[in-house]
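Once you have looked at the hints, place chain B on chain A.
These protein sequence lines are chains A and B, in that order.
Under our numbering, read the first sequence as residues 1 to 444, first letter to last.
Under our numbering, read the second sequence as residues 445 to 776, first letter to last.
If you are wondering where the hints come from, they were derived from the structure by calculation, not from laboratory data.
One or more hints might be untrue.
One side of the interface only, derived from the structure: several residues of chain A facing chain B at Cβ under 10 angstroms [what the hints assert, rightly or not]: (1) GLU112; (2) LYS122; (3) GLU124; (4) ARG133; (5) GLU194; (6) THR198; (7) ARG221; (8) GLY354.
Which chain B residues stay away from chain A? Per the calculated CB distances, all over 12 angstroms, these [what the hints assert, rightly or not]: (9) GLN466; (10) ASP476; (11) ALA641; (12) ARG698; (13) ARG704; (14) SER717; (15) ASN719; (16) GLU744; (17) VAL773.
Ideal placement from N, C-alpha and C gives every residue a C-beta, glycine not left out.
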Amino acid sequence: MSARIAIIRASDSFSDVWPQLASFAGAKLEVAATVGEARSLQATCGVLIAAGGVEDTVHEVLRELRSARAPEAVVVGADTNYRLVAAILQAGAGDYFAMPADYGLCRSWFVERVERVTDRRKAERFAADERQRFDFSRLIGNSTRLQTALRRTARVIPKGNATVLITGETGTGKELLARAIHYNGVRSSGPFVEINCTTLPENLLEAELFGYEAGAFTDARSPKPGLFEVANGGTLFLDEIGELSTSLQAKLLRVLEERRVRRLGSIRDTEIDLRIVAATHVNLPEAVRQGSFRQDLYYRLNTVPIHLPALRERGDDVIVIAQHFLKRFSEEYEVSPPLTPEIRRALLAHTWPGNVRELRNAIERAVLLGDGRLYVEDLFPEDAPGGVGSGPIPFPARMEVIQQAAASAMLERCRGNKSEAAKMLGISRKHLYTLLAAQEVKRD
Amino acid sequence: MIEGLTSTVAALQTLFRAREYQEVVDRLREVDPSILMADPELVLILAASLQYLFLPVEAAEILRRAEIPIRVSNNRSHLRRWQNLMGNALIEQGRLDEAREVLSECLASAEEANRMRVIGYASNGLGVVASLRGEVEEAVRLYTRAIAVWQQLGDGWGVGSAHYNLGLTFREWGRLNDAVAHFALAEEYYSTNGTPAERVYPTAERAMLYMDLGDEEMAERLAMAAVERSEELPNPLIRAAAAKVLGAIRLRRRGPAAARQWLEAAAVAAEHSANPLIKAEVEEELAILELHSGRRQRAEVHRARSCELYGSIGANRHVQRFEERYASVSIS
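So here's chain B without its partners, still in its complex pose:
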């Protein structure tokens, strides 16, 4: 029995390492639930694959069912992985209090056992929670801690992503020059440790920053560069992010007619990505576009969708910010 199970798990692990997440999910969906629950390794591989496929609700459901067997198994390693996955699934669903609870538990356990990698992941997850809650100082603290961990582990990708997250946080905080510096560092680390797709994000974010800093010309060119790079990539999330930024910049710089094409392209790509945050962001820009076009009813539809999507992931601060933005455009 052990041998059979081991070879199954080993085969799935190989597929997982090769990033064949859909294949892993397809195979494990056919497995009898009682067998699945009997081996936490199978549950953890399935849940991680579901998260990579942006299916957080299903991932959370499976993790929830496996909670008791994993907790009673006395395997701390499994429990920490479970906590990290559960934390991320909860973040994706906007259940931020629960996510913070489970990730804090994970971080404490990892620190006690000196499990650096887990400390890095948990710090990053808690940073995302803090950031979504608008607790910028706490987010900066956690991402700074994560950078120290990734550096010690020699994980250049981790360092790059923590700088990227710091860039987002500083931007939210209004410290735009700090944000530019962190996005530049993210680009630098991603250039040697990340995928081509990952390099597009900080470029797009820098474009938005230049817009905020008043350098519209540079903002549009950078956004165009991000779009050109994203068009060569198969990832719809990245295409949506780049097109959204270019559309938003064009809207502010040249008006609705110049922006519509890019924001509609962003909406199509966002739909394919199945990521609620990017969908919410694109809906927000579409709402503003329609307001500027004088089409209030359509704007309202997009506004409602955006708020619902932000709400679904618990990004209440984003809802508040967007409502203020929407109101100010409505009045003007």
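Next up, chain A with everything else stripped away, as it sits in the complex:
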């Protein structure tokens, strides 16, 4: 549906120009004789009152439009008497264009109005695409640890204001989860704004987050809203929150507590209504203990903690995810290699220090380097970390540590079925319980 501009014609002056201007802007023109008619046309981008020669008669039309809560109208006339123009603007016109001198301005008005409507529609379509792109189905896996994280996320989504803290190693999908929370939640029509706290030095990050007024510092020539304001109505994703400086931590805490921000150099606060999602690979309780992260901020952020498990803790998920990437890259590079048992064994044996991101790269690599087949030696570059003995189990390690890790991994692979896990490991159920309990104690 094309953008529509309604013209209420009080006079016939310049009547041939309107269709050309509308077509220039890519809009459809609807001509009405009265306000009622204009309203029934449901103009999507604005109302224009053509008043060449009868400018003094438009006040009534403007009053009617205002009481009908119609979109802001502009008046086009020929009179340049400033008193008359002032009266028209006072009566509620958004602008007044005196033809022919203001012809260019009028054309720009057409273009900008149409652009706003088309941008709004595009934004709606884009949000729908993003919802699909960042659907929860993108977070693939059946392991109990992932499913626990996803169940918790599903509970958070309806609570549009709840602050979420996502933790997990690099490459586990924290950003993907943050987007899924936004695009599948109640704030999906608002903006999703992302900032990585490690990319900017402290002063630049502060100005970027909080914005500034003109003159706040040497280069602040004009006022600028910060990302808290830009994300208003939507979600602000603070990636790598664990790297935030202590002074910015204090300022962020104030925002979380008061839901207000103050631009640098300003004396006024602005209320904000947004969800904050923070993510980190840093062990924040440990950082609190060491004094590098504020305890009060940690508690405030930790309202809804979601931990994304490392790939090595997710058992057979590695195969499910590998199949997903294999399908994707097979289409992209026009091949269709099967996931052979040999490849499956290699994928399961690897410890994936780079997590899902590393798995994606491994599958793409094997697809590209293979001649329509997948070879184990193509999965990883020669000196890649993550092979046997280089993973989460420190190597060399004591036998009991290795046994405990094996018990945990097998339980994941057997989807929590302890009898099956014990059978696969060739140990008794009692022994399996002992190993798992020892690991729990260690974790606590």
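Here is chain B on its own, set in the frame of chain A:
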């Protein structure tokens, strides 16, 4: 008079939207300059078309002549478009200080009027200036801001290109894993919102990253995939970029004989593209190729050309980086 002009402008606008830039330029070059200057819309359409045809000097000249009429016309919309076009033309010519001045003015005006699209373009342009100056943090800040704008506008192509620019910036910064992630996102957004040509760039850049990360085998295969995709496309700039990457990787991996064919193909395509940056990059690789081949005189010719081309667009940091690279290869 108004009607005649309006229909002319509307017809040109239609051609412009259809990306018939050469046709727009041909028609407007025949128009009397005084008539052209009387309507800022004509000037802006012409300048934008010239930029798409990689003719930044002519674009800047026309924009310069139109500056006073546009400024006194009190049409802020025209002025912002003029500033954006002028900023880009100045970047292409390497006049980075002037570009930053005019784009900053544009950004401030767009923010005041809440003109999101202009904010996106101006942030992107200022990001390019910062990136060429080696101000990586500022570039990251601007591209991050641009992503927020394009997302709000629902412009998937804009999001993709900002991720692509972030990938380039992180690569320059040495944060290679961040660069890989942004190029992957660029590929993803371009796959649904970009042209086939645009998908080739992040693939080629990823190939170079794998080379930097030490995975030569993967780098060469990815570069080959980029070349294969680019060969189906009519755009010489993309063909040059993909062939240059494959040549550079082969040079490092297999030596001059395996690289020459691709770098010479890149040079031919770059010449057709008329883009000074890609020409400079190809000349750089040719200089290194000739050094490795023991042909110092030829290497010097390419070195001089490359530095001149980088200099012509104000990419002084690139000149410095290349000189260091050239010196280290010369010594070894």
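Here is how each hint holds up against the structure:
1. GLU112: holds, 6 angstroms
2. LYS122: It holds, given that the least Cβ distance between A/LYS122 and chain B is near 4 angstroms, below 10 angstroms.
3. GLU124: With Cβ-Cβ at 7 angstroms, under 10 angstroms, it holds.
4. ARG133: holds, 8 angstroms
5. GLU194: holds, 7 angstroms
6. THR198: This interface hint holds because 9 angstroms falls under the 10 angstroms limit.
7. ARG221: Since the shortest Cβ distance to chain B is 6 angstroms, the answer is holds.
8. GLY354: holds, 9 angstroms
9. GLN466: holds, 21 angstroms
10. ASP476: holds, 18 angstroms
11. ALA641: Holds, because the least Cβ-Cβ distance between B/ALA641 and chain A comes to about 16 angstroms, which exceeds 12 angstroms.
12. ARG698: holds, 16 angstroms
13. ARG704: Given a closest Cβ separation of 24 angstroms, the condition holds.
14. SER717: Nearest chain A Cβ is 26 angstroms from B/SER717, so the label holds.
15. ASN719: holds, 27 angstroms
16. GLU744: holds, 36 angstroms
17. VAL773: holds, 25 angstroms
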